Amino acid sequence: MTLIDLANPSRFLSLTARLLPYLVAGTVVLLAIGLYLSATAPDDYQQGATVKIMFIHVPNAWLSMFVWAVMSASALGTLVWRHPLADVAAKAAAPIGASFTFLALVTGSLWGRPMWGTYWEWDARLTSVLILFLMYLGLMALWRAVEDPARAARAAAVLTLVGAINLPIIKFSVDWWNTLHQPASVFRMGGSTLDRAFLYPLLVMAIAFTVLFITLHVAAMRNEILRRRVRSLQMMQARAASNDVGATSPASQPA
Amino acid sequence: MTALAALIRRDISIALRVGGGALIGVLFFLTVVVLMPFALGPDLPLLTRLGPAILWLGALLASLLTLDRLFTADHEDGSLDLIVMGRTPLELACAAKALAHWLAAGLPLIVATPVLGLLLNLDMAATSAVALTLLAGTPALTFTGMIGAALAVTLHRGGLLLAVLVLPLSIPVLIFGVAASEAAISGPVPFGAPFSILCALSLVSLVVGPFAAAASLRHGLD
Amino acid sequence: MRLLASGLTCVRGGREVFSALTFEAVAGELLAVTGRNGSGKTSLLRLVAGLLTPAGGSLALEGGDTELTLPEQAHYLGHRDALKPALSVLENLQFWRDFLGGKPFDPAESLATVGLAHAAHLPAAYLSAGQRRRLSLARLLAVKRPLWLLDEPTSALDTTGQDMVTGLMRNHLAGGGLIVATTHAPLGLTSKELRIGGEQ
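Chains as they are written, first to last, in the working numbering: chain H, 1 to 255; chain R, 256 to 477; chain S, 478 to 677.
Any given hint could turn out to be false.
Here are a few chain H residues that face chain S, going by a calculated C-beta distance under 7 angstroms [claimed, not checked]:
1) Glu147
2) Gln234
3) Met235
4) Ala238
Quick list of simulated restraints, FRET-style, between CB atoms [said to hold, decoys possible]:
5) R:Val463 with S:Ser483: 31 to 41 angstroms
6) H:Arg231 with R:Leu358: 20 to 30 angstroms
7) H:Ile214 with R:Val370: 24 to 34 angstroms
8) H:Leu203 with R:Ala294: 39 to 49 angstroms
9) R:Gly447 with H:Val230: 47 to 57 angstroms
10) S:Glu539 with H:Gln234: 41 to 51 angstroms
11) R:Pro344 with H:Ala73: 55 to 65 angstroms
12) H:Leu161 with S:Thr636: 48 to 58 angstroms
13) S:Asp583 with H:Arg144: 33 to 43 angstroms
14) R:Pro344 with H:Ser14: 58 to 68 angstroms
15) R:Thr257 with S:Leu481: 27 to 37 angstroms
16) R:Ala294 with S:Phe582: 57 to 67 angstroms
17) S:Phe500 with R:Pro344: 27 to 37 angstroms
18) H:Met236 with S:Glu501: 41 to 51 angstroms
Just so you know, these hints were derived from the structure itself, not from any lab. All values derive from a computational prediction rather than experimental measurement. A virtual CB, placed ideally from N, CA and C, is assigned to each residue, including glycine.
Use the sequences and the hints to build the structure in full.
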């Protein structure tokens, strides 16, 4: 099967209908293994049991960036190749990416609570993730604001690519801003060296979350394709039959 | 009564559906508040001290931004003509539109306040104080802002002109809103005094706003 | 019932559009307003609808409801359709029925009359220009008002749509209603012509 075949939405629907059960099963199994490994991982000698938040936080943070990369690739598909599935992929990914980013923020602030004593610290990494979250929300607002999906797709594609170029600049600026005000960060997330006891559960969880994203994304794309079909059917229905019904004698109207 | 209920229901459902701007106001509020630390520095004690002021400024700007469409959309598609001609007094129709706008765009700002308070390291008591003053004060912002929105639509100018017209009118609300929040958090002024004045401002604008807006719509349409 | 205008003068943007216009129309009569572009046909309708203030002269609806003003007894169908694309066809119609104070009605019947029964639950955004016009016309049926002010009622409509408008107007006149309509094309009804803006 080539990419051209997949480009056909009907083909995509029938293929993914067969694929989706395996994806769901894979997600469940991987998440179960990952959660078991996380639960049985030892406590950190400094952070205690709170270190286990890392097993949820890091995969979410990784996906928050990965989803933007997926949307950027889709944006290229929309702008350069006008691939019929590209804007569907981009639109379906945005709310999922926003959810992962939101979870990264929540778990980050829960993790920070025992370290900082507050739920929120304007730490360079967390702040960058917060800006990424705002950009996801802006993108979703753009999708919602324009009724015609084709026009919204092009605007969103431009915004996504501009965002992809800007994100490193924002990240750099925030780091600079943060070090300017706080010479040494109290607490670095993720740490530089990880013990093996932490590394394996983290890797499994990262893979599990990635598969979870793929499953959700495929399901959301199917919904979006069906939603667009409903829309074009409704438009056809609106166009149809107006004339012949309108011809029924106007004299029959209530006076 | 059916007419007013229908108007409120319609405006709220338009604001919440595709293309509606209700939640964009909240996003704007969030963005404005997030911008502040980049200008002030990530200094939590400083942000905590300025928190109520930052939240009030953000809410003021967000409610102003969404006011722009209050009458413009109805003017562009001709609905405003029919509302002016209708048997419902125009003052009541204006009040209903402003109420719908506050429910769809003002109330979400108040709901978002606790989350934003977290970002500014406000404690539970301070956040509730700010949310309470916003609840009492944002109706004043909407109902005085409505006057500017009505003027802007009759002059065929929106956006910046509206901001220039409305912002000076909202200075008293800002003064007493922030003062009441500060009083609740640190004193030394008792909370009741500025808060009562804030409520009074809202009640006055509830009366003055619809009359002024209806007058400018009635004389300015062409 | 009689619509009476005497010495009506309209000034817009410092320019006198028309002056000292006197006309009358009685129940069951169609007053067709004709004239060049820019002669003030739309301005005249908006004056009667109370959306513009006359610079001089007077307007009255004799034999109408004395509790209500003239605009409150009129339907105005302007160039703009007063529809919200985010609401469904039915929701749009029901809103105007509720707001303008119509009696409970069978929406399907009004919509069927204007040929939109099949689209009742679709968003108004999907309608074509002609269908939007039909939906605006349904408003005139949903709420009963004696005076209809129609600005180019047949614009954007195909021939069946134009026939439908003619039928609606004929029914309204037969029921003792009054219509003031601006038009370029003949409406296919006996009418009294009011030519404004001088000779062509």
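Violations among the numbered hints, reported as their numbers in ascending order:
none
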